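Chains H and D, in that order, are what the protein sequence lines are. Position 188 of the first sequence, counting from 1, maps to 188 under the numbering used here, and the rest follow consecutively. Position 173 of the second sequence, counting from 1, maps to 173 under the numbering used here, and the rest follow consecutively.
Note that these hints are calculated values from the structure, not bench results. Just so it is clear, the structure is predicted and the values come from calculations on it, not from any experiment. The reader is advised that the hints may include incorrect statements.
Once the Cα atoms are required to be at most 27 Å apart in a straight line, the calculated BS3-like pairs of lysine-lysine come out as [unchecked claim]:
hint : chain 1 : residue 1 : chain 2 : residue 2
1    : H       : Lys234    : H       : Lys203
2    : H       : Lys203    : H       : Lys178
3    : H       : Lys38     : H       : Lys234
4    : H       : Lys121    : H       : Lys53
5    : H       : Lys178    : H       : Lys53
6    : H       : Lys6      : D       : Lys150
7    : H       : Lys203    : H       : Lys53
8    : H       : Lys244    : H       : Lys198
9    : D       : Lys22     : H       : Lys141
10   : H       : Lys6      : H       : Lys121
11   : H       : Lys197    : H       : Lys53
12   : H       : Lys234    : H       : Lys252
13   : H       : Lys106    : D       : Lys68
14   : D       : Lys177    : H       : Lys220
15   : H       : Lys162    : D       : Lys22
16   : H       : Lys220    : D       : Lys13
17   : H       : Lys234    : H       : Lys244
18   : D       : Lys150    : D       : Lys68
19   : D       : Lys68     : D       : Lys177
20   : H       : Lys121    : H       : Lys234
21   : D       : Lys177    : H       : Lys106
22   : H       : Lys6      : D       : Lys13
23   : H       : Lys231    : H       : Lys248
24   : H       : Lys248    : H       : Lys198
Chain H is faced by these chain D residues, among others (derived, beta-carbon under 7 Å) [unchecked claim]:
hint : residue
25   : Leu18
26   : Ile95
27   : Pro99
28   : Arg104
29   : Arg142
30   : Gly145
31   : Gly149
32   : Ser180
33   : Tyr184
34   : Gln200
35   : Thr201
36   : Tyr202
37   : Asp203
The C-beta atom is built at its ideal place from N, Cα and C for all residues, glycine as well.
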Amino acid sequence: MKKMTKIIAAVMALVLLVSITACGKSGLTLEDIKADGKLIVATNSEFPPFEYKDGDAVVGFDMDLCAYIAKEIGVTMEVLDIAFEDVIANIQSGSAHIGAAGMTVKPDRLQNVDFSDTYFKASQVIILKEDAAFTATSELKNMNIGVQDGTTGADYVRENIKEPMGFASGALAIEAMKAGQIDCVIIDNYPAIEFVKKNPGLKVYETPLTVEEYAIAIPKNSPELVEVINKVIKDLTANGEFDKLLEKYELK
Amino acid sequence: MNINFLDFLGPMKDAIYLNFIKNDRYMYIVDGLINTLEITAVSVIIGVIIGIICAVIKVAGKRVYICKLLGYVVDLYTTIFRGVPVMVQYLIAFIGIMPLLGIRSSFVTAIFVFGINSGAYISENIRAGIEAVDHGQEEAGRSLGFTYGKTMFLIILPQAIKNILPALGNEFIALLKETSIAGYFAVIDLTKGARIIQSQTYDGIVPYFTIAGIYLVLVVILTQLLNIFERRLKKSDRN
């Protein structure tokens, strides 16, 4: 028992130590990124049309936007394709410089990460089987609701309806619905349209549950980086490039 | 001492508040812990039951003809479930088998997958344990007039279980950690609980280190319990 107490004490000490070092970490400067020679963007390629796989490459609206940011800084861009929930952890640990994965700004998140200006309005919608009788969102509380883990849709359902069934990806949630394990999937509207396109027999219930805005995640205490990214978003909007991007990915 | 500790905690106070206290987020960890323990315990029980049945069939295959035939089925079972990654088994069960059985509970799915999977491993452990029991024990049982079945269940199996207790303990510990896979399939286990907190606060460090600590403490406690249990059972040993 003595040995056990010692081990537990050691673990707790380690936790404190690591957490404290992590708290005091300073942010990224543009010099840091230039020294690396590339802008590393963390994303999750299962979120079309914002990020998805085309062959081996990760492409999409967010990726094009980040290419502009990399150009502005004067470096090339590299994509780190990981699970959506791990995007932020990789920015915090320094394995990626920024995160672009259709992420929503929320007050609690701001304590651990900064966001750029928002660049896109999205909403949460419901995907159902085509033959499902569904007339009002009030019916949701009697259904098995599938969500993608870590998304704001998951939080919305959790806070407003009931505990959802969370899956590692939107695609897995869709599979589960097709197999009859869940009744509907709540997810961001544009990925929803893509999923329905690829999976015959599904439909989107048009009325959105909530509206939210995407932004790019930036490590804390990195004012230069925030400034550059906001400038790129502003410039692109001003010169019409942003609209062209939206059209390219049918986001209008 | 008390004041020192609080000082040490100083810079952590905000992070702990945000990750655990605010909106009762600690409940994700508590619920997750309960689910993890429940899934592990029930799966191990299912695994041991399947394991004993399979092991007895295999061993009895040398004597009883029907068991010999059933032995082939058992062979197929252990080969498949030890040869395919649990993640893949889970995917197949979730998308393919559960809908066929009409089961929609993610919790039942987890128990089903982990129970059957660990049954394959445990059956091999138990078989090895049975074969390690001295042949004289069986002869003694038979000469006392016990049937083969009674000899097996009353004399050989209890000794076999004692032999394989460390292996069973390892299986339990392995399963405890393996259950985190269930989080991918709509079960809120300990790992998933921390991931939900992380997705709300975008702080990975505090929740992940917390559950790492919890897993470690659980395994240390399990190991200790197992040691005590083993020592008790050894009391009957003559040497």
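So, going through the hints one by one against the coordinates:
1. Our distance criterion of 27 Å between C-alpha atoms is broken by Lys234 (chain H) and Lys203 (chain H), whose separation comes to about 35 Å.
2. Between the alpha carbons of Lys203 (chain H) and Lys178 (chain H) the distance comes to roughly 12 Å, so the proposed pair stays at or under 27 Å and holds.
3. Annotation: proposed proximity of Lys38 (chain H) to Lys234 (chain H) holds, straight-line Cα distance about 22 Å (limit 27 Å).
4. The hinted pair formed by Lys121 (chain H) and Lys53 (chain H) meets the criterion: a straight-line CA distance of about 23 Å does not exceed 27 Å.
5. Restraint check for Lys178 (chain H) and Lys53 (chain H): satisfied, since their Cα atoms lie roughly 23 Å apart, inside the 27 Å limit.
6. Taking the CA atoms of Lys6 (chain H) and Lys150 (chain D), the gap is near 47 Å; set against the 27 Å cutoff, the hint is violated.
7. For the proposed pair Lys203 (chain H) and Lys53 (chain H), the alpha carbon gap of about 23 Å is at most 27 Å, so the pair holds.
8. Between Lys244 (chain H) and Lys198 (chain H) the alpha-carbon distance is near 25 Å, which keeps this suggested pair within the 27 Å criterion.
9. The straight-line distance between the Cα atoms of Lys22 (chain D) and Lys141 (chain H) is roughly 25 Å, inside the 27 Å bound, and the hint therefore holds.
10. At roughly 52 Å between alpha-carbon atoms, Lys6 (chain H) and Lys121 (chain H) are farther apart than 27 Å, so this suggested pair is violated.
11. Under the criterion of a C-alpha separation no larger than 27 Å, the hint pairing Lys197 (chain H) with Lys53 (chain H) is consistent with the structure, at around 16 Å.
12. For the hint linking Lys234 (chain H) to Lys252 (chain H), the alpha-carbon distance of about 18 Å falls within 27 Å, and the restraint holds.
13. For the suggested pair Lys106 (chain H) and Lys68 (chain D), the alpha carbons sit about 63 Å apart, so the restraint of at most 27 Å is broken.
14. Distance hint between Lys177 (chain D) and Lys220 (chain H) is unfulfilled; the C-alpha atoms sit about 33 Å from each other, more than 27 Å.
15. Of the supplied pair hints, the one linking Lys162 (chain H) and Lys22 (chain D) holds, its CA atoms being roughly 19 Å apart against a limit of 27 Å.
16. For the given pair, Lys220 (chain H) sits about 18 Å from Lys13 (chain D) by alpha-carbon distance, which is consistent with the 27 Å threshold.
17. Distance hint between Lys234 (chain H) and Lys244 (chain H) is fulfilled; the C-alpha atoms sit about 14 Å from each other, no more than 27 Å.
18. Using a Cα cut-off of 27 Å, the hinted pair Lys150 (chain D) and Lys68 (chain D) holds, with the two alpha carbons roughly 19 Å apart.
19. Restraint check for Lys68 (chain D) and Lys177 (chain D): the C-alpha separation of about 35 Å exceeds 27 Å, so the hint is violated.
20. For a cut-off of 27 Å, the pair hint linking Lys121 (chain H) to Lys234 (chain H) stands: about 16 Å separates their Cα positions.
21. Taken as a hint, the Lys177 (chain D) and Lys106 (chain H) pair is broken in the structure, with Cα atoms around 32 Å apart against an allowance of 27 Å.
22. Of the pairs offered as hints, the one joining Lys6 (chain H) and Lys13 (chain D) holds, with about 24 Å between alpha carbons and a cut-off of 27 Å not exceeded.
23. The hinted pair formed by Lys231 (chain H) and Lys248 (chain H) meets the criterion: a straight-line CA distance of about 22 Å does not exceed 27 Å.
24. For the given pair, Lys248 (chain H) sits about 19 Å from Lys198 (chain H) by alpha-carbon distance, which is consistent with the 27 Å threshold.
25. Taking 7 Å as the C-beta cut-off, the interface hint given for Leu18 (chain D) holds, the closest approach to chain H being about 6 Å.
26. The beta carbon of Ile95 (chain D) comes within 5 Å of a beta carbon in chain H, closer than 7 Å, and the hint placing it at the interface holds.
27. The closest approach between the C-beta of Pro99 (chain D) and any C-beta of chain H is roughly 4 Å, which is under the 7 Å cut-off, so the hint is satisfied.
28. The interface hint given for Arg104 (chain D) is met, as the beta carbon of that residue sits about 6 Å from the closest beta carbon of chain H, less than 7 Å.
29. The interface hint given for Arg142 (chain D) is broken, as the beta carbon of that residue sits about 45 Å from the closest beta carbon of chain H, more than 7 Å.
30. With its C-beta approaching chain H no nearer than about 47 Å, Gly145 (chain D) sits outside the 7 Å limit, and its interface hint is violated.
31. With a cut of 7 Å, the hint placing Gly149 (chain D) at the interface with chain H is violated, because the nearest CB-to-CB distance is about 41 Å.
32. Of the supplied interface hints, the one on Ser180 (chain D) is violated, with its beta-carbon coming no nearer than about 12 Å to a beta-carbon of chain H, more than 7 Å.
33. With a least beta-carbon distance of about 4 Å to chain H, the hint placing Tyr184 (chain D) at the interface is held under the 7 Å criterion.
34. Contact between Gln200 (chain D) and chain H, as hinted, is supported at the beta carbon level, the nearest pair being about 6 Å apart and thus within 7 Å.
35. The interface hint given for Thr201 (chain D) is met, as the beta carbon of that residue sits about 5 Å from the closest beta carbon of chain H, less than 7 Å.
36. A hinted interface residue such as Tyr202 (chain D) counts as satisfied when its beta carbon comes closer than 7 Å to some beta carbon of chain H; here the least separation is about 4 Å, so the hint holds.
37. With 7 Å as the threshold, the beta carbon of Asp203 (chain D) comes within range of chain H, its nearest partner Cβ sitting at about 4 Å, so the hint holds.
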